[in-house]
Structure formats: C-alpha cells, structure tokens
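A.B. asks: Sequence:
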Amino acid sequence: MGRQPCCDKLGVKKGPWTAEEDKKLINFIQTNGHCCWRALPKLAGLRRCRKSCRLRWTNYLRPDLKRGLLSHDEEQLVIDLHAHIGNKWSKIASRLPGRTDNGIKNHWNTHIKKKLVKMGIDPVTSQPLKQEPNNTDNPNSTSSVSNDISKEPKSSSTKNVETNGTTTEDESSSAVTRQNSSKDSENNLLNDEELFSYFHDNN
DNA sequence: AATTCGTCCAACCGCCGTGTT
DNA sequence: GAACACGGCGGTTGGACGAAT
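Under the numbering used here, the letters of the first sequence match residues 22 to 224, in that order.
Take the hints with a grain of salt, since some may be wrong.
[Unchecked claim] Pair by pair, the computed Cβ-Cβ distance ranges are: (1) S115 - G89: 14 to 24 Å; (2) N127 - K72: 16 to 26 Å; (3) G36 - R59: 19 to 29 Å; (4) S111 - G89: 14 to 24 Å.
Don't read these hints as lab results, they were simulated from the structure. Don't be surprised by glycine CBs; every beta carbon is placed ideally from N, CA and C.
The task is simple: from the sequences and hints, build the whole structure.
C.D. replies: Shown next, in the form of structure tokens:
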C-alpha cells in the first residue's frame, strides 16, 4: 500500500529558512507550543513540511540551544557515550544539555571519527583497529596517538584551536578506559537506565 | 588572484516505533 | 490484528566559508 508522503508536496517550500519564516515559527510555538507538528505549518502560516518545522525548531531555533563547537568535556562525553550506545545521537544529545543530535552527529563525523582513527580505534565498533602500515611500530597505539592528537588541530580552523587547546592526554586515557569498558558491553547496547547508572557510577 | 581542499552545519530523505482507529 | 498517522531518528547531501597551494 505504501505510506503517504509526510506532507502534500503541493506548495511546500524547501531549502534554507528565511528570517521571516523563523519569526513565524518562533512566534507560533511561543504562544501555542508545538502540540501538533502536522497542523503547525498551516496554523503558523508556513508553507513548510511538518518535519522541516520540527527540525528547524529543535536544531536551530530552540531557546536553550548552545551554539558553537563542543567543549573538550562534551566531546569526551560524546566519545564515551558513543562507545556504549553507538550511533544513538538523540540519546547522546539528551545527556548534553543544549546540544542537538544533529550537531553532535556532525561533530562526530567531521572531528571525532578522524581522531579515533588516528588513535587506532575503530569509530564504528570502538575497538582497536588492526594495525595499519603507518602504525607498525606502535603496538600500544593509543600512546603515540595522543601525540598525534595534540598536533592534529593543524588542519582545523582557528575556532577549533581555541577549544581544543586543552586536549591530548585526557582523550587518549579515556580511549583506553573505553577500550576496556567497551569490552564488557561488546555489542550489548545499554538501555537508558543502565546508561544512567553507568554515568552515575563514573561521576 | 585563482583554484583546490577541508571543515562546518543546516537541511532533506527514508525508515522505524508507537499510538490510534 | 491490520491499516494508518504521526513523531522521531539516523544517514546523507550540499552550500558556505576559510585555509592552503
């Protein structure tokens, strides 16, 4: 039978949001809340799909959003969480107040993934990678990696240098603990309660 | 100065889980 | 129980921008 499209394509606008659209969405949600995304575009006078509205609100317009790059602590938390629950970006985001799943996902894909690879860790499984030709003389891959990391921001923009200035040893050490801890969890994803208790214990 | 490359991030798409009829 | 509607999630894309060449 097939699902119907999420919204009728007729007259539905796509692409970047204008300031005016943002204003409409904010005004509507501030006065009415987002009770029903399906009806919202019409009621708010927007020619947008419900999904587009929800995404715009949650990823960009929400008043409690934190903008900018993740701090070192936040990044560390993302890495640890990811090691335990995998690509559950919304769950990870829920542990980082003011951060969105989209933002975290973006940061993971552009930054953290590469860092982990450099550290000799498979970003997908959080397990140590098989030795690459480049890493041949570092059986303990994490040790040399931490040095790499400290040099790494070279390719990053200047914004990055600011926030990453304090990185290095914490990252590698955490990677080691993750390797150990991820061992017991293997592929067993933690549910929310387990996750909570895990972090409760670690804090 | 022009081009290429890498990074950042907003936005879209398709699928899934769940609640309702 | 099946069909449907809806909200939400994760993967991916593409444009803007700055740095490097």
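A.B. asks: Please name the hints from earlier in the document that this structure breaks, with their numbers sorted from lowest to highest.
C.D. replies: Structure breaks no hint.
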